[in-house]
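> The primary structure of each chain is shown beneath.
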Amino acid sequence: MLFDIKDVVSTLDMIEHRHLDVRTITMGISLLDCSDESVTRCARKIYDKITREAKDLVRVGEEIEKEFGIPIVNKRISVTPISLVAAACKEDDYTPIALALDKAAKTCGVNFIGGFSALVQKGFTESDKKLICSIPSALASTERVCASVNVGSTKAGINMDAVRMLGETIKRTANLTKDSGGFGCAKLVVFANAVEDNPFMAGAFHGVGEGESVINVGVSGPGVVYHALQSCKGKPFDVVAETIKQTAFKITRMGQLVAREASQRLGVPFGIVDLSLAPTPEKGDSVARILEEMGLEVCGTHGTTAALALLNDAVKKGGVMASNHVGGLSGAFIPVSEDEGMIAAAQSKTLSLDKLEAMTCVCSVGLDMIAVPGDTPASTLSAIIADEAAIGMVNCKTTAVRVIPAPGKQVGEIVEFGGLLGSAPVMPVHPESSDAFIARGGRIPAPMHSLKN
Amino acid sequence: MKAIVTVTGKDTTGIIARVCTCLAENDVNILDISQTVMQEFFTMAMLIDLAKSKLPVAELSDKLAAIGNEMGLVVRTQREDIFTLMHRV
Chain X
1 MLFDIKDVVS
11 TLDMIEHRHL
21 DVRTITMGIS
31 LLDCSDESVT
41 RCARKIYDKI
51 TREAKDLVRV
61 GEEIEKEFGI
71 PIVNKRISVT
81 PISLVAAACK
91 EDDYTPIALA
101 LDKAAKTCGV
111 NFIGGFSALV
121 QKGFTESDKK
131 LICSIPSALA
141 STERVCASVN
151 VGSTKAGINM
161 DAVRMLGETI
171 KRTANLTKDS
181 GGFGCAKLVV
191 FANAVEDNPF
201 MAGAFHGVGE
211 GESVINVGVS
221 GPGVVYHALQ
231 SCKGKPFDVV
241 AETIKQTAFK
251 ITRMGQLVAR
261 EASQRLGVPF
271 GIVDLSLAPT
281 PEKGDSVARI
291 LEEMGLEVCG
301 THGTTAALAL
311 LNDAVKKGGV
321 MASNHVGGLS
331 GAFIPVSEDE
341 GMIAAAQSKT
351 LSLDKLEAMT
361 CVCSVGLDMI
371 AVPGDTPAST
381 LSAIIADEAA
391 IGMVNCKTTA
401 VRVIPAPGKQ
411 VGEIVEFGGL
421 LGSAPVMPVH
431 PESSDAFIAR
441 GGRIPAPMHS
451 LKN
Chain L
1001 MKAIVTVTGK
1011 DTTGIIARVC
1021 TCLAENDVNI
1031 LDISQTVMQE
1041 FFTMAMLIDL
1051 AKSKLPVAEL
1061 SDKLAAIGNE
1071 MGLVVRTQRE
1081 DIFTLMHRV
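Protein sequence lines, in the order shown, are assigned to chains X and L. Residues in the first sequence are numbered consecutively from 1, following the numbering used here. Residues in the second sequence are numbered consecutively from 1001, following the numbering used here.
No lab work stands behind these hints, which were simulated from the structure alone. We put the CB at the ideal spot given by N, CA and C, even for glycine. There's no promise every hint is true.
Said to hold, decoys possible - In silico EDC-like pairs for lysine to aspartate or glutamate, Cα to Cα no more than 20 Å straight-line: (1) L:K1002 - X:E65; (2) L:K1063 - X:E63; (3) X:K355 - X:D387; (4) X:K90 - X:D33; (5) L:K1002 - X:D7; (6) L:K1002 - X:E67; (7) L:K1054 - X:E63; (8) X:K49 - X:D36; (9) X:K66 - L:D1011; (10) L:K1063 - X:E62; (11) X:K245 - X:D13; (12) X:K103 - X:D93; (13) X:K178 - X:E143; (14) X:K66 - L:D1081; (15) X:K6 - L:D1027; (16) X:K45 - X:D92; (17) L:K1010 - X:D93; (18) X:K129 - X:D161; (19) X:K6 - L:D1011; (20) L:K1052 - L:D1027; (21) L:K1002 - X:E63; (22) X:K6 - L:E1080; (23) X:K6 - L:D1081; (24) X:K178 - X:E168; (25) X:K317 - X:D238; (26) X:K355 - X:E293.
Said to hold, decoys possible - Pairwise CB distance ranges (calculated): (27) X:K349 - L:L1031: 37 to 45 Å; (28) L:M1038 - X:G408: 46 to 54 Å; (29) L:E1070 - X:V298: 42 to 50 Å; (30) X:S348 - L:K1010: 36 to 44 Å; (31) L:E1070 - X:A306: 51 to 59 Å; (32) L:A1017 - X:D179: 57 to 65 Å.
When you get a sec, could you build the whole thing from the sequences and use the hints?
This is the structure we're talking about:
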């Protein structure tokens, strides 16, 4: 027999019933050649370059989707951090560049464009400061632009002045977008150890070590893993880990195939496949439900961190052999608003912010898509960022904070974002102040183990 | 290029004949054929070779899907790589 019908049926079942999809094809584009003294001219060069380079991205993505019969949910673009591209501009406000990015995203037909970003883990350039100050208006006046700021790294330590600024930036962004529940904050990620080839939004940007353009692919598949684990009820963790590995291999192979095709058809080099388990708010596509399937009554109870550690590791081990270049964030995402099981766990109060923080020590990124009360002080947001950056710095991993202080909302209320961003139950923060801690500023030194040379 | 055509749904008289006729009309060669029952649904899969096909895979896919629609079945045409690569090292 030239093919095995069991393989065919298994793949079809994953696609039809277990939400298997390619989450994103993201095209990274360097904008380093778009600098100009005038922000208007810089914005025009940026628009022209993106629309030229990415004109075929959506068409090619749709062709591949059709030929292979596999859903490709998003086609996206990431660009060089704008604080570098705009450094020559005389003007203080970079919002015109955000508007150009938004327009380019619409022209190309992509739903998000990432890279309104600055890397300030050790210090600020004048341009970095201008960019951070422009973030609230940039996010409020655009629809598809995503911003990110890297405030710490294992090598450089944590820039606590940046941490303070970002707490205030998040508050201002929430207020400027209060009509949509503070939606602007859903497009802003504060990183430590940010990666240069992440295809997932809102934190994607095209790193300076990357080439002219690149194709990165992010796979998904929590539903497939959840279904596979139903066949090993009550069995030891060795069996659980092995089952997840085998499933991750299959999912990643599909991502690799799509990445190779997209790269060939667009004539753009293939970068990496990001092996992330990215949940959606749909039932049956949840990371929290995988953890519960391992034997936890509700995600967030004792044992959750261990379950997540196993999941995150097994996903990488299974996926790494299926692709010739693995990168990005690769692991299990735990966004609260985008995961049906996480939403339920947060509503039942089993999943707390403190437990989520512990989980970020072993997951792929960090505190993601969490709504907190609208009256949370900026210094508390900064302190949440500092804790998360410290976890990243010490554990040599990427961590991030994407938190939404939902204007006018209190604990227990729900903020609706719609689509893949889902809905977030407002979670409590500690009422005790971190003001004096955040007011210090300066830099937290890099840890001892950063001195590897 | 090779592709896999799958037909899923309630077993219906003449479905294989209609799919095969469409393939023959477009110079598509059938290399292998197999069938099974999945969750009470009939599933038929055939491996086809499009080397001499008059139509690109996307158009052939639409034609076969239309035949499926007429008969109340789902007919999918997908490149073969997706099935082989996912299940073999």
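> Confirm or reject each hint.
Here is what the structure says about each hint:
Distance restraint check for K1002 of chain L and E65 of chain X: the Cα-Cα separation of roughly 16 Å lies within the 20 Å cut-off, and the hinted pair is therefore satisfied. This hinted pair checks out: K1063 of chain L and E63 of chain X have alpha carbons roughly 16 Å apart, not beyond 20 Å. Between K355 of chain X and D387 of chain X the alpha-carbon distance is near 13 Å, which keeps this suggested pair within the 20 Å criterion. Annotation: proposed proximity of K90 of chain X to D33 of chain X holds, straight-line Cα distance about 17 Å (limit 20 Å).
The hinted pair formed by K1002 of chain L and D7 of chain X meets the criterion: a straight-line CA distance of about 16 Å does not exceed 20 Å. Restraint check for K1002 of chain L and E67 of chain X: satisfied, since their Cα atoms lie roughly 11 Å apart, inside the 20 Å limit. For the suggested pair K1054 of chain L and E63 of chain X, the alpha carbons sit about 18 Å apart, so the restraint of at most 20 Å is met. For the hint linking K49 of chain X to D36 of chain X, the alpha-carbon distance of about 14 Å falls within 20 Å, and the restraint holds.
This hinted pair does not check out: K66 of chain X and D1011 of chain L have alpha carbons roughly 25 Å apart, beyond 20 Å. For the hint pairing K1063 of chain L with E62 of chain X, the CA-to-CA distance comes to about 18 Å; that is within 20 Å, so the pair holds. As the CA atoms of K245 of chain X and D13 of chain X are separated by approximately 19 Å, the hinted pair is consistent with the 20 Å bound. A distance of roughly 18 Å separates the Cα atoms of K103 of chain X and D93 of chain X; the hinted pair therefore holds under the 20 Å criterion.
Restraint check: the Cα-Cα separation between K178 of chain X and E143 of chain X comes to about 14 Å, which is no more than 20 Å; the hinted pair holds. As the CA atoms of K66 of chain X and D1081 of chain L are separated by approximately 14 Å, the hinted pair is consistent with the 20 Å bound. Between K6 of chain X and D1027 of chain L the CA atoms are separated by roughly 27 Å; this puts the pair beyond 20 Å, and the hint is violated. Restraint check: the Cα-Cα separation between K45 of chain X and D92 of chain X comes to about 18 Å, which is no more than 20 Å; the hinted pair holds.
Note on K1010 of chain L and D93 of chain X: the hinted pairing is violated, with a Cα-Cα distance of about 63 Å set against a maximum of 20 Å. Between the alpha carbons of K129 of chain X and D161 of chain X the distance comes to roughly 11 Å, so the proposed pair stays at or under 20 Å and holds. Straight-line distance between C-alpha atoms of K6 of chain X and D1011 of chain L comes to about 18 Å, which keeps the hinted pair within the 20 Å bound. The suggested pairing of K1052 of chain L with D1027 of chain L holds, with an alpha-carbon distance near 6 Å, which does not exceed 20 Å.
Simply put, K1002 of chain L and E63 of chain X have alpha-carbon atoms about 16 Å apart, close enough for the 20 Å limit, and the pair holds. Note on K6 of chain X and E1080 of chain L: the hinted pairing holds, with a Cα-Cα distance of about 14 Å set against a maximum of 20 Å. Note on K6 of chain X and D1081 of chain L: the hinted pairing holds, with a Cα-Cα distance of about 15 Å set against a maximum of 20 Å. Taking the CA atoms of K178 of chain X and E168 of chain X, the gap is about 15 Å. The hint holds against a cut of 20 Å.
Restraint check for K317 of chain X and D238 of chain X: the C-alpha separation of about 13 Å stays at or below 20 Å, so the hint holds. For a cut-off of 20 Å, the pair hint linking K355 of chain X to E293 of chain X stands: about 19 Å separates their Cα positions. For K349 of chain X and L1031 of chain L, the Cβ-Cβ distance of about 58 Å falls outside the hinted range of 37 to 45 Å, so the restraint is violated. Take M1038 of chain L and G408 of chain X: their Cβ atoms lie about 51 Å apart, and the range 46 to 54 Å holds.
Taken as a hint, the range 42 to 50 Å holds for the pair E1070 of chain L and V298 of chain X, whose Cβ atoms sit roughly 48 Å apart. Taking the beta carbon of each, S348 of chain X and K1010 of chain L are about 42 Å apart, inside 36 to 44 Å as hinted. The beta-carbon spacing between E1070 of chain L and A306 of chain X, approximately 54 Å, falls within the hinted interval of 51 to 59 Å. As the Cβ distance of A1017 of chain L to D179 of chain X is approximately 60 Å, the hint placing it in 57 to 65 Å holds.
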